[in-house]
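Construct all of the structure, not just a fragment, from the sequences and the given hints.
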Amino acid sequence: MRSLIIAIVAATIGYTLSVIINSTVSAATLVGFGIEVGLGDRVQMTATEWTGLAGTYLPIYVGLHTVIFLLVHRFLPNKSQSSDANLTHRRIVFAVVGALSLLLLYIAFDTAMGLSGVLVASGRTLGGLIAHVATGAVSGLIFATFTNSPSEATVADDAMVG
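The opening position of the sequence shown corresponds to residue 91 in the numbering used here, with each subsequent residue numbered one higher.
The hints are simulated quantities; they were obtained by calculation from the structure and are not laboratory data. Just so it is clear, CB atoms sit at the ideal spot from N, CA and C, and this is done for glycine as well. Please note that a few of the clues may not be correct.
[Unchecked claim] If you anchor each label on the Cβ, the simulated ranges turn out as follows:
#1 L94 to F123: 19 to 27 Å
#2 L129 to M91: 38 to 46 Å
#3 N176 to I98: 22 to 30 Å
#4 T106 to A198: 45 to 53 Å
Here is the structure:
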């Protein structure tokens, strides 16, 4: 149960970062057109996008990462809970899994629907796509960090034995 909660929280943080990136790119575009966009406007844009995308992008993002992180967590060998090398390995694995799963999601949407299938507008450019994929890596890092504690090992070991 603890891993599930950590996966949902990690994915929600990644989603929030993705929305911040998208609203920042939108604000920069407006500034490029000569429109002044203050800090209050930027916060408002981010809040509006967060809630506006919550009906589509949030469940996709959280669902994808929760399933992927829990599957990898279940099958990734956990050699030694206290090993720094093990934690580094887990962080790398989950960062890569988080990033690649999002990249594949974006590619699938683009392949199926073209540009209209892009989940967030800033993902249409290479730089925007890389930034959004990086949010998946952040989600993976958060998940790996908080599921590597000794208490988590006890819960996982108990589940395997029971």
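Each hint, compared with the structure:
1. The beta-carbon spacing between L94 and F123, approximately 44 Å, falls outside the hinted interval of 19 to 27 Å.
2. For L129 and M91, the Cβ-Cβ distance of about 39 Å falls inside the hinted range of 38 to 46 Å, so the restraint holds.
3. Taken as a hint, the range 22 to 30 Å holds for the pair N176 and I98, whose Cβ atoms sit roughly 24 Å apart.
4. Between T106 and A198 the C-beta distance comes to about 23 Å, which lies outside the given range of 45 to 53 Å.
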